[in-house]
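Enquirer: Input sequences plus hints: build the corresponding full structure.
Listed in order, the protein sequences are those of chains A and B.
Residue numbering for the first sequence follows numbering that gives the first Met the number 0, beginning at 0 and increasing consecutively.
Residue numbering for the second sequence follows numbering that gives the first Met the number 0, beginning at 0 and increasing consecutively.
Worth double-checking, as some hints may not be accurate.
[Unchecked claim] Label pairs and their calculated CB-CB ranges:
1. B:153 - A:148: 29 to 35 Å
2. A:31 - B:114: 16 to 22 Å
3. B:20 - A:31: 21 to 27 Å
4. B:37 - A:214: 53 to 59 Å
5. B:89 - A:25: 51 to 57 Å
6. B:151 - A:211: 56 to 62 Å
7. A:186 - B:128: 42 to 48 Å
8. A:215 - B:67: 52 to 58 Å
9. B:38 - A:86: 47 to 53 Å
10. B:130 - A:76: 52 to 58 Å
11. B:151 - A:31: 18 to 24 Å
12. B:125 - A:196: 39 to 45 Å
13. A:149 - B:150: 35 to 41 Å
[What the hints assert, rightly or not] To give an idea of the interface, some chain B residues facing chain A are shown, with a C-beta separation under 8 Å as derived from the structure:
14. 47
15. 48
16. 50
17. 78
18. 79
Derived from the structure by calculation, the hints contain no laboratory data.
Backbone N, C-alpha and C define an ideal beta-carbon position, used for all residues, glycine too.
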Amino acid sequence: MSSIDYTLHLADNALILGHRNSEWTGHGPILEQDIALSNIALDLIGQARYLYQYAARQTGKPEVTEDSLAFLRDAWDYRNCLLVEQANGDWGKTILRQFFFSAYQFFFYERLQHSTDNELAAIAEKSLKEVTYHLRWSSEWTIRLGDGTEESNRRMRAAMDQLWKFTGELFIPASYEKIAAAVDLSSIKPLWEERVSEVLLQARLEKPAAGWGQTGGKEGRHTEELGYLLAEMQFLQRAYPGNEW
Amino acid sequence: MVNTKEIWSLLEQVNDPEVPVLSVVDLGVIRDVRTRGDEIEVILTPTYSGCPAMDAIRMNIRMVLLQNGYKDIQLTTVLSPAWTTEWMSERGKEKLKVYGIAPPLPLQQVCTPGLFHREEAVACPHCGSYHTSLISEFGSTACKSLYRCEDCREPFDYFKCH
Ligand SMILES: [Zn+2]
Chain A
0 MSSIDYTLHL ADNALILGHR NSEWTGHGPI LEQDIALSNI ALDLIGQARY LYQYAARQTG
60 KPEVTEDSLA FLRDAWDYRN CLLVEQANGD WGKTILRQFF FSAYQFFFYE RLQHSTDNEL
120 AAIAEKSLKE VTYHLRWSSE WTIRLGDGTE ESNRRMRAAM DQLWKFTGEL FIPASYEKIA
180 AAVDLSSIKP LWEERVSEVL LQARLEKPAA GWGQTGGKEG RHTEELGYLL AEMQFLQRAY
240 PGNEW
Chain B
0 MVNTKEIWSL LEQVNDPEVP VLSVVDLGVI RDVRTRGDEI EVILTPTYSG CPAMDAIRMN
60 IRMVLLQNGY KDIQLTTVLS PAWTTEWMSE RGKEKLKVYG IAPPLPLQQV CTPGLFHREE
120 AVACPHCGSY HTSLISEFGS TACKSLYRCE DCREPFDYFK CH
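Expert: Next up, the structure:
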């Protein structure tokens with residue numbers, strides 16, 4: 000079975016979160032953290048490029064490129080999970096979104112670097128080192144804000160209310176995640192839960208009970224947020240097709 | 000026939016645009032140089048996935064080789080094994096220090112996701128003091144973090160272990 004959809008799913012996750020983070024560039028609460036989030040955005044977009052290049056090669060069509068995949072597909076073609084497309088909100092929501100996703104991506108890449116697909120394995124091996132920094136940074140900030148002031152704790156609880164329902168989707172495999180090269184999501188779920196519990200405890204944030212979760216992103220059914228993001232990200236290529244730097 | 004040794008010495012002239020004291024050879028991103036007749040293949044690996052310098056580096060390698068009369072040039076990117084700061088040459092680390100950037104320490108626990116782990120003493124490249132503190136894990140580029148010296152009070156970049 001082809002791994003094009005699987006590769007696109009991974010690329011879309013990285014690109015969409017990378018783009019969300021890049022929206023903070025020039026707007027971070029302090030210079031150092033503005034730079035930190037911009038660097039995380041760069042890492043993720045760089046990872047997305049390798050994945051799109053690989054997906055493009057797999058199609059065997061010369062007209063399909065990393066750019067056409069990123070800039071000329073519509074929302075229903077995107078395979079990213081709902082968590083990464085959620086709007087930035089305040090700093091707390093951005094941090095919590097990053098923490099939930101980095102914790103997932105860390106254990107995910109740890110497995111994917113042993114995939115039977117050598118290309119995906121190499122991209123995972125490369126990316127894992129970067130995600131290690133993302134996970135530590137976002138874990139520490141989650142603790143700093145949750146266990147910070149009354150106001151920062153209130154905002155983190157509000158962020159939890161908005162984001163928790165999107166975390167379940169990470170571990171529900173889509174049809175294209177059942178190929179041999181794919182990571183077994185059930186094997187990383189307990190690792191994710193352990194890390195999340197550990198950090199939330201230190202952050203004095205209550206971990207919500209497992210409950211109803213929103214799904215669909217991986218199959219192309221997205222929240223409203225993705226449309227606005229794509230409208231901005233894709234504007235230039237759609238207005239001036241084929242334009243390059 | 001192409002002389003591989005000469006290609007390597009030409010690559011020594013190509014600098015990292017973001018840390019211009021380091022050549023791409025010092026940086027450790029050139030994995031191999033292969034030749035077949037007049038064809039040259041330079042195999043390189045990125046430092047960080049999103050490093051914007053990589054495109055410039057690729058272009059500059061091509062330019063230098065073209066300027067020296069080589070026409071049949073292929074640049075191949077490989078990702079595995081992933082680049083690590085251990086691949087930076089000792090000469091490169093020395094050059095960094097003179098330039099005012101603290102060179103990477105040997106790999107250690109800071110490359111794990113453990114919470115609140117910090118590098119062991121990073122020496123100030125200006126005065127040599129180990130009395131330094133981290134300002135930000137992410138610095139002016141993905142490969143650096145930002146430190147401050149508590150003795151001479153100068154801020155400085157640390158090329159972080161990776
Ligand atoms: Zn000093």
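Enquirer: Now, for every hint given, state plainly whether the structure supports it.
Expert: Hint by hint, here is what the structure shows:
| no. | hint | result |
| --- | --- | --- |
| 1 | B:153 - A:148: 29 to 35 Å | 32 Å, holds |
| 2 | A:31 - B:114: 16 to 22 Å | 19 Å, holds |
| 3 | B:20 - A:31: 21 to 27 Å | 24 Å, holds |
| 4 | B:37 - A:214: 53 to 59 Å | 56 Å, holds |
| 5 | B:89 - A:25: 51 to 57 Å | 38 Å, violated |
| 6 | B:151 - A:211: 56 to 62 Å | 57 Å, holds |
| 7 | A:186 - B:128: 42 to 48 Å | 47 Å, holds |
| 8 | A:215 - B:67: 52 to 58 Å | 56 Å, holds |
| 9 | B:38 - A:86: 47 to 53 Å | 50 Å, holds |
| 10 | B:130 - A:76: 52 to 58 Å | 55 Å, holds |
| 11 | B:151 - A:31: 18 to 24 Å | 20 Å, holds |
| 12 | B:125 - A:196: 39 to 45 Å | 43 Å, holds |
| 13 | A:149 - B:150: 35 to 41 Å | 38 Å, holds |
| 14 | 47 | 6 Å, holds |
| 15 | 48 | 3 Å, holds |
| 16 | 50 | 7 Å, holds |
| 17 | 78 | 4 Å, holds |
| 18 | 79 | 4 Å, holds |
Hint compliance for this structure: hint 5 is the single one not met.
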